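Participant: Got chain A sorted already, so can you dock chain B onto it with the hints?
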Amino acid sequence: MISPLLLFLALSPAGRLHPLHTTHTELEEEAPGVIRIQVRAFTDDLFAAVRAREPVINDSGVARYLRGAMELRRPDGGIAGLTWVGIRRDGDVCLITLGAQLPGGLAGVAVRQTIHTELFSDQVNVVQARYAGRRVSLLFVPGDRSRTLP
Amino acid sequence: MRAQALTGLIGMMAGGLSVGVAVKVVPPLEPPNRRTAESLYEPPSRRGDDIAFYEARASRDPYGARDRAVLASLYLARARGSGSDHDLARAEELARESDRLRSRRNAGTAEVLAATLMAQHKFAEAYEVMGKALARDSSDLVHRATLGEIALELGNYHEADRLFGSVALSRFEPAIGIRYARWLEVNGRSAEARALFETLRARLAGGFRIPAEQLAWLDLRIGELAARNGQPALAKSAFRRGLALLPDDARLLGALARLSADRGAWADAIQLGERALAQVLDPATLITLWEAHAATGNRDKAKEYERALEVALSGRPGAMHRAWALFLLDRGLKVNKVVTDALQELSVRRDVYGYDLAAWALLRAGRFVEAGRYADSAVSRGTCDAGLNYRAGRVALGAGDSTVARARLRRALEINPRFHPSLADTARRILEQLPEP
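Chains as they are written, first to last, in our numbering: chain A, 1 to 150; chain B, 1 to 437.
Do not take every clue at face value.
Stated by the list, open to error - Straight-line alpha carbon distances no greater than 25 angstroms define the calculated SDA-like cross-link-like pairs of lysine to any residue that follow:
#, chain 1, residue 1, chain 2, residue 2
1, B, LYS303, B, ARG331
2, B, LYS303, A, ARG130
3, B, LYS132, B, ALA89
4, B, LYS303, A, ARG135
5, B, LYS236, A, ARG134
6, B, LYS303, A, ARG134
7, B, LYS301, A, PHE120
Rather than coming from a laboratory, the hints here were simulated on the basis of the structure.
Bear in mind the structure is a predicted one, so any value in this text is a computation, not a measurement.
In isolation and in its complexed conformation, chain A is listed as follows:
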């Protein structure tokens, strides 16, 4: 039997869930012009999305999928290449790290993030950029194009 004390949180009245289809992407300027991108996505959703496009799920397939779903466009119109750094799975969540070179930093960069919007009509993707001592949030829903960081 499971101790009642240990059911404390599992049954807590304030613990109702409203599960949502979402991903979270963090953009951070680690060094001048060097951007670290970390994407958190539900593993099942990510694998389903990759499986729909790739014969096998591996780093290359995930990277190709993300490059198709994400874009960082510089103010001069050029698109930054997204380089693969790594992936790890933390429970039901995958954490994927990418890198990009943006010599002018994140200000003025147009961001597009459409991960899983082809799977779910209620997908909401949160992108948070941290630069110049501030945090800027952008929300993407299906049909959205790019948004520009101030």
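Facilitator: Frame of chain A, contents of chain B only:
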């Protein structure tokens, strides 16, 4: 989503595989690799290890009821951290399997199954599960308290009164006390509820290997009660105490953002709300951020949040999100849809907040007489919630009963003079304009 581990709780639930304090998992950068196959993506966290361990055991033993119950609680806890639909569904499936395999001496399974159902707002099913469990062992006080909690959610208040009356002497047991406090709160005894939470917290804090998650959850509840009852300093202190334990807890950050918004401290609300958003996408936080951006004149940003809310909640069948419904009504949007949904929900769940929403929706739809009846039910338990009393007062005003309207609006301001950045002032203005009897 957040990658926050309830490792202490889960570890202990899982038979001691993990120990200690809940920690936020900070994923390190990993070197690139080119290996192929899904086996590459092994979960590194202890919770993931625990789940893998019990999944393996369950697959080896098709009759292992206890393993399935523990596994269900692990999935449920992980779903709480990440908001994963898949984990929640798996938790329910496993709990049902466990219950099917062994209906006797398997009491914890009923609790877990009921919890998974409640997490999905399937209150009627949860009620049935716990009703059967209590019928099997009527001496189990946790069963009684849990059934009482579900009865509260369903609005079966007489039954809840009876069940909680029978466990009153055991209210200092944490698993009973947290539910008992909820009953006190609904019945307008918020100060007692908060005192009980404080007592439970003090007792747990002195215990051995108590997960930080549990203490932080109590801080959240203490803060919420204080905030709702016009004690922002106390609320802030409780939220801060919880954040000292779990600095990135989205619920605490979201609650603190809400508290800031209610005081009109919009910059703080945005900063805290965005920190919460970095951990988990929660509709309540999106509403706070919408309000903050709208109040500071950032229309584009407010529109972005509004659209995200609409999209996020559009795909959720079944129970509506009540805060979102109130948000829509306050803006005069989708009134008829909310009326229909609210009345439909009342057919299975007749709690005070369901009546409150139905009354407010009917008022917005111009159906004053019906709205009045529902508003009477919404305040019938004397719940110390300023918003509830404010809306009931406005409904009475709409129905032309200025005496009742005055009493309810005054009550709202007594409970919390600053219950909302603009509605508290609206209540004052209405009271000034109402003729004295």
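Participant: Do the alpha carbons of LYS303 (chain B) and ARG130 (chain A) lie within 25 angstroms of each other, as the hint requires?
Facilitator: holds (22 angstroms)
Participant: Check whether the Cα positions of LYS303 (chain B) and ARG134 (chain A) lie no farther apart than 25 angstroms.
Facilitator: holds (21 angstroms)
Participant: If you draw a straight line from the CA of LYS303 (chain B) to the CA of ARG135 (chain A), is it 25 angstroms or shorter?
Facilitator: holds (19 angstroms)
Participant: CA of LYS132 (chain B) to CA of ALA89 (chain B), is that 25 angstroms or under?
Facilitator: holds (22 angstroms)
Participant: Has the given pair, LYS301 (chain B) with PHE120 (chain A), been kept, meaning a C-alpha gap of at most 25 angstroms?
Facilitator: Measuring from Cα to Cα gives roughly 23 angstroms; hence the hint holds.
Participant: Check whether the Cα positions of LYS303 (chain B) and ARG331 (chain B) lie no farther apart than 25 angstroms.
Facilitator: holds (13 angstroms)
Participant: Mind checking the alpha carbons of LYS236 (chain B) and ARG134 (chain A) for me, to see if they're no more than 25 angstroms apart?
Facilitator: holds (24 angstroms)
Of the numbered hints stated above, none is contradicted by the structure.
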